[in-house]
Amino acid sequence: MLATLVVASGLSAQTFPANVGTYRVYVACESADEVALVAFDGKEAKVERVIEVGYQPTEIEGPHGLTVGPEGKYWYLSIAHGKPFGILYKYRTSDDKLVGECELGMFPATMQISPATGLLYCVNFNLHGRMLPSTVSIVDPDAMVEVARTVTGAMPHGSRLSKDGLHHYSCAMMSGELYEIDAVTFKVTRNMQLDVNLPKGHQSEAKPTWISPHPDGKRIFAALNGKATIVEVDAKNWSVTRRLQTGKGPYNLDISPDGSTLVATYKTEGAIGIWDLAKGKERARIKSTRRVTHGVVISPDGRYAFVSSEGKNADPGALDVVDLRTNKLVASAAVGLQAGGVAFFEHKK
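Once you know that position 216 of the sequence shown is 1037 in my numbering, the rest is easy, because the numbers rise by one and skip nothing.
These aren't lab readings, by the way, just hints derived from the structure by calculation. Don't take each hint at face value.
List time: in silico BS3-like cross-link candidates among lysine-lysine, alpha-carbon distance up to 30 Å [to be verified]:
id	residue 1	residue 2
1	K1149	K1170
2	K1169	K984
3	K867	K1133
4	K1149	K1108
5	K864	K1169
6	K904	K1133
7	K1069	K1108
8	K1102	K864
What follows is a list of derived Cβ distance ranges for each label pair [claimed, not checked]:
id	residue 1	residue 2	range
9	N1134	G939	39 to 47 Å
10	V968	G893	18 to 26 Å
11	L919	P1121	23 to 31 Å
12	V1017	D1037	22 to 30 Å
13	W1059	D1097	23 to 31 Å
14	P1078	V966	25 to 33 Å
15	L919	P1020	40 to 48 Å
16	G950	M1013	24 to 32 Å
17	P1078	P878	36 to 44 Å
Nothing here was measured: the structure is a model prediction, and the numbers come from that model. Beta carbons are placed, not taken as given, at the ideal position from N, Cα and C, and that holds for glycine.
Could you put together the complete structure from these sequences and hints?
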């Protein structure tokens, strides 16, 4: 069955020689209803498996957000386009078999599991109807049951947990706000406006799309997609401390485990920005292999950034690999249409 899925997708399954260190990353392909498992051996990036997802054979359901559980036994996927509600799927990493599902809100997007509570937090982006406040779904990933739903802003998209798992941060794209949720009580503890001089009742021109807490727990970075800016927020004083001017359309962010480097995708520009956070300067800007750059995740050893790109029209998506030591693109693998969500799985030596 696996061979059939790979051939049907137009992608070839390949393996690497034994005893070679290999990184593996899951990539969601939103317009293909599939997830690709891509392996990188330090030289080449290749698709190992393609997993078909969704439950409506005649519809494009939009697999969007991805995360891998803390023990690496399961991976989770948000399916955006339901009727009308979206779905959270749970798969085993050993064989990519679907083992659980849970209905969420409208257009569930990005998610993570807290190391403190063991619960999964997923924002409901809600593209339908008026731009009203939406929610964060909180799910028990063992039972696959939604245990709470917390109201935040209009169209919450990027979301991440603090390193200790005690605080959940998300940005509301259309209301321009940053939200902090207590991961234990599920209550909103703070929120702030990231858009400068936004008139009351107006939609945000800044359109924040992503949040990335710094590993030191003292700072939070947000991508302002509409204003070509990344803002740094002091987590204690709850104030903006720096505004970094970027390429067009900053979309997703990730920070290296040592906290020194931030990698940003510039969706509109089709590029990748590599930032030195101590200096507040962009070290390099690299063109993606496709025209619409999307997601990014940095390997736990801090050596590589894995970047998804959507492509345009009938162009396939791609997963690009950037060496953060040389600031160069070193490999790329073609995946399905509209590659978006990306999650690191493992590194085996």
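Hint check:
no. : hint                        : in the structure
1   : K1149 <-> K1170             : 23 Å, holds
2   : K1169 <-> K984              : 23 Å, holds
3   : K867 <-> K1133              : 21 Å, holds
4   : K1149 <-> K1108             : 10 Å, holds
5   : K864 <-> K1169              : 15 Å, holds
6   : K904 <-> K1133              : 26 Å, holds
7   : K1069 <-> K1108             : 12 Å, holds
8   : K1102 <-> K864              : 28 Å, holds
9   : N1134 <-> G939: 39 to 47 Å  : 42 Å, holds
10  : V968 <-> G893: 18 to 26 Å   : 23 Å, holds
11  : L919 <-> P1121: 23 to 31 Å  : 26 Å, holds
12  : V1017 <-> D1037: 22 to 30 Å : 26 Å, holds
13  : W1059 <-> D1097: 23 to 31 Å : 25 Å, holds
14  : P1078 <-> V966: 25 to 33 Å  : 32 Å, holds
15  : L919 <-> P1020: 40 to 48 Å  : 46 Å, holds
16  : G950 <-> M1013: 24 to 32 Å  : 26 Å, holds
17  : P1078 <-> P878: 36 to 44 Å  : 41 Å, holds
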